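Undergrad: Sequence:
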Amino acid sequence: MQIRNIAIIAHVDHGKTTLVDQMFRQAGVFRDNQVVQERAMDSNPLERERGITILAKNTAVNWHGVKINIVDTPGHSDFGGEVERILRMVNGVVLLVDAAEGPMPQTRFVTRKALELGLLPLVVINKVDRHDSRPVQVHDEVLELFMDLEATNAQLDAPFLYAVGRDGWASPDPEATGGDLSPLFDTIVSYFPAPKVDSEGPFQMLVSTLDHSPYVGRIAIGRIERGSVHVGDRATLLAVGPEGMVDNPAEAEEAKVSRLYTFSGLEKIDVDEAHAGDIVALAGIEGVDIGQTLTDPEHRERLRGIAVEEPTLSVDFTVNNSPFAGQSGTYVTTRQVRDRLFRELERNVAMRVEETDQPDTFTVSGRGELHLSILMETMRREGYEFQVSRPRVITRKGPGGQLQEPYEEAVIEVPSDMIGIVIERLGSRRGEMTDMRPMGDSGATRLRFLVPARGLFGYRSDFMTDTRGEGILHHNFDSWGSWAGPIKGRTRGVLVADRTGKAVGFALFSLQARATLFVAPGEDAYGGMIVGENSRTDDMDVNVSKEKKLTNMRTTASDENIKLEPPRKITLELALEFIEDDELIEVTPDHIRLRKRVLEPHLRKKAAKRAMQPA
Numbered sequence: 000m001q002i003r004n005i006a007i008i009a010h011v012d013h014g015k016t017t018l019v020d021q022m023f024r025q026a027g028v029f030r031d032n033q034v035v036q037e038r039a040m041d042s043n044p045l046e047r048e049r050g051i052t053i054l055a056k057n058t059a060v061n062w063h064g065v066k067i068n069i070v071d072t073p074g075h076s077d078f079g080g081e082v083e084r085i086l087r088m089v090n091g092v093v094l095l096v097d098a099a100e101g102p103m104p105q106t107r108f109v110t111r112k113a114l115e116l117g118l119l120p121l122v123v124i125n126k127v128d129r130h131d132s133r134p135v136q137v138h139d140e141v142l143e144l145f146m147d148l149e150a151t152n153a154q155l156d157a158p159f160l161y162a163v164g165r166d167g168w169a170s171p172d173p174e175a176t177g178g179d180l181s182p183l184f185d186t187i188v189s190y191f192p193a194p195k196v197d198s199e200g201p202f203q204m205l206v207s208t209l210d211h212s213p214y215v216g217r218i219a220i221g222r223i224e225r226g227s228v229h230v231g232d233r234a235t236l237l238a239v240g241p242e243g244m245v246d247n248p249a250e251a252e253e254a255k256v257s258r259l260y261t262f263s264g265l266e267k268i269d270v271d272e273a274h275a276g277d278i279v280a281l282a283g284i285e286g287v288d289i290g291q292t293l294t295d296p297e298h299r300e301r302l303r304g305i306a307v308e309e310p311t312l313s314v315d316f317t318v319n320n321s322p323f324a325g326q327s328g329t330y331v332t333t334r335q336v337r338d339r340l341f342r343e344l345e346r347n348v349a350m351r352v353e354e355t356d357q358p359d360t361f362t363v364s365g366r367g368e369l370h371l372s373i374l375m376e377t378m379r380r381e382g383y384e385f386q387v388s389r390p391r392v393i394t395r396k397g398p399g400g401q402l403q404e405p406y407e408e409a410v411i412e413v414p415s416d417m418i419g420i421v422i423e424r425l426g427s428r429r430g431e432m433t434d435m436r437p438m439g440d441s442g443a444t445r446l447r448f449l450v451p452a453r454g455l456f457g458y459r460s461d462f463m464t465d466t467r468g469e470g471i472l473h474h475n476f477d478s479w480g481s482w483a484g485p486i487k488g489r490t491r492g493v494l495v496a497d498r499t500g501k502a503v504g505f506a507l508f509s510l511q512a513r514a515t516l517f518v519a520p521g522e523d524a525y526g527g528m529i530v531g532e533n534s535r536t537d538d539m540d541v542n543v544s545k546e547k548k549l550t551n552m553r554t555t556a557s558d559e560n561i562k563l564e565p566p567r568k569i570t571l572e573l574a575l576e577f578i579e580d581d582e583l584i585e586v587t588p589d590h591i592r593l594r595k596r597v598l599e600p601h602l603r604k605k606a607a608k609r610a611m612q613p614a
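Numbering (numbering that gives the first Met the number 0), first residue to last: 0 to 614.
These aren't lab readings, by the way, just hints derived from the structure by calculation.
Note that this is a predicted model, so its numbers are computed, not measured.
Don't be surprised by glycine CBs; every beta carbon is placed ideally from N, CA and C.
It is possible that part of the hints are untrue.
Stated by the list, open to error - Below 20 Å or equal to it, Euclidean Cα-Cα: the simulated EDC-like pairs (lysine to aspartate or glutamate) are:
1. Lys487 <-> Asp416
2. Lys487 <-> Asp589
3. Lys487 <-> Glu579
4. Lys255 <-> Glu300
5. Lys66 <-> Glu272
As the list claims (entries may be wrong) - Label pairs and their computed distance ranges (CB to CB):
6. Arg436 <-> Gln357: 46 to 54 Å
7. Asp537 <-> Ser509: 16 to 24 Å
8. His229 <-> Arg436: 52 to 60 Å
9. Glu285 <-> Val597: 41 to 49 Å
10. Arg467 <-> Gly178: 24 to 32 Å
11. Asp156 <-> Ser263: 17 to 25 Å
12. Thr570 <-> Gly178: 37 to 45 Å
13. Glu285 <-> Arg391: 50 to 58 Å
14. Arg129 <-> Gly216: 41 to 49 Å
15. Arg436 <-> Phe341: 43 to 51 Å
16. Ala249 <-> Val188: 27 to 35 Å
17. Thr570 <-> Arg467: 43 to 51 Å
Using the sequences and the hints, build the whole thing.
TA: Printed below as a string of structure tokens:
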């Protein structure tokens, strides 16, 4: 059977997963009467809740006798590590670009990775039915991007299709208004080459991703580069290292292939054998990790490993030691938290976990706040309790020994009358505007900034306030640059509970005029817990459990006249943006709380004074 291996890449929310849904339907993966939820590839609960793809996934469809292996990839920049490793499995990419937004930061990132690997692109300009669609201009912007990324002549000759993925049609004509996906399937089959592999040589496969089953254990997924493999075959697992033959027995481990799968639609299909060029899943190799090579025991030749760009952001995970620790979590000990963090490295190649000089604290590094918050949210849903620190950027020494920090490219779309406040805000955060251009007839303007990554901490909430929710902000790692100097953090202080007790409406009512509250009446609070944001710059200790003194004239019944504003809902992303260095986020299955590192007020003041003294 002929094979084509492709990946679908794009910026977040440009329609990858929706397009794959329609490819399934038109390739006959689903029965005519089968009820299938939208975005069928987004099987993870967090993916469905947030409407984004987090994990790369393998699937396959059959089109007129040609098997098309498809990898659906994340579009958010924080999950770029998922994109980087799966591109080694494919021979071409379908690049989706929104017909109104055009190329965005993540578009540049994934396109650069694909072009560097020599992959051929097929460009699909999606959502051409939008009222602000501009397919011709976007076509030119994509070509400009290719030239900027130094694409080869073959890559510059990429075919273009115009589509509406939601409605399931594509066409080479930008004026088309309907049809089906036949032009897309036909172009994939005719344009992309079949895998260039050695079908007769000894077995060889690079492990590009991992899966896990409670029945068969760890599952290695990758493309067979050479030869074939059968159920029951012996295979040698080679440690990550330089390409070439491996003679050292310590770098090789033999195992038996117990199960073998290929992909079809949303399912893994049991097979007895598989051949070079196909993307397969192998079970029975318990010690396998991403980037390792599986080979024939008699020909131990290692493939080049998977290089992933380094993390740019880190936080400290520590065991929960608050007064409410252990009330809702199942896994609360140092050993349990440690084991879970290091287990994450088995699949998340863009993440790093390091032990510190404190036995209950671990430094976790990733590609961005969302990357780290997804791990936190996953762990809390699994029953873990822990605390995390404020994110901090990872620095390095430049060629001349100077201190460097990561810079992000921020792309912002706002109504033209809001340009001034955006430029002012990002200017104070050391941002430098690199481009400004109107977005057609929509009345919006697109701004590009180069900003230190730490300059974007806490900016999103300010941005949404400044633009009244009408602005769009995307950012992606751009480069390492010189340390930009001090950047002003949060400008307001916080309200800190001074004792343990339940929040009372009477106390909250007296506080809400000078603060934004984080707790509601009846919620538990403890001394040192942050219960609101002060309207002033300083922190203030408050009693949220203070009740009204009762007399013959003043009774509890008069509390009915109290009108409280709803408290601000604290999400993990908001918490990571909000806290300062002297604060922590307490994460449990039932609650996300903010707290001071030092709970006792007098000790906290002493610690603040010490921090102000010169070293």
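Undergrad: It remains to establish, for every hint, whether it holds in the given structure.
TA: Hint check results:
1. Lys487 <-> Asp416: 26 Å, violated
2. Lys487 <-> Asp589: 33 Å, violated
3. Lys487 <-> Glu579: Judged against 20 Å, a Cα distance of about 11 Å means the pair holds.
4. Lys255 <-> Glu300: Holds: Lys255 and Glu300 sit about 18 Å apart, inside 20 Å.
5. Lys66 <-> Glu272: At roughly 16 Å apart (the allowed maximum being 20 Å), Glu272 and Lys66 satisfy the hint.
6. Arg436 <-> Gln357: 46 to 54 Å: 49 Å, holds
7. Asp537 <-> Ser509: 16 to 24 Å: Given range 16 to 24 Å: holds, Cβ gap about 18 Å.
8. His229 <-> Arg436: 52 to 60 Å: 57 Å, holds
9. Glu285 <-> Val597: 41 to 49 Å: 45 Å, holds
10. Arg467 <-> Gly178: 24 to 32 Å: The hint (24 to 32 Å, Cβ to Cβ) is violated, given that Arg467 and Gly178 are roughly 39 Å apart.
11. Asp156 <-> Ser263: 17 to 25 Å: 32 Å, violated
12. Thr570 <-> Gly178: 37 to 45 Å: 41 Å, holds
13. Glu285 <-> Arg391: 50 to 58 Å: Given range 50 to 58 Å: violated, Cβ gap about 36 Å.
14. Arg129 <-> Gly216: 41 to 49 Å: Holds: the Cβ-Cβ distance is about 46 Å, inside 41 to 49 Å.
15. Arg436 <-> Phe341: 43 to 51 Å: Distance hint for Arg436, Phe341 holds at roughly 46 Å.
16. Ala249 <-> Val188: 27 to 35 Å: 45 Å, violated
17. Thr570 <-> Arg467: 43 to 51 Å: Cβ of Thr570 to Cβ of Arg467: about 20 Å, so the range 43 to 51 Å is violated.
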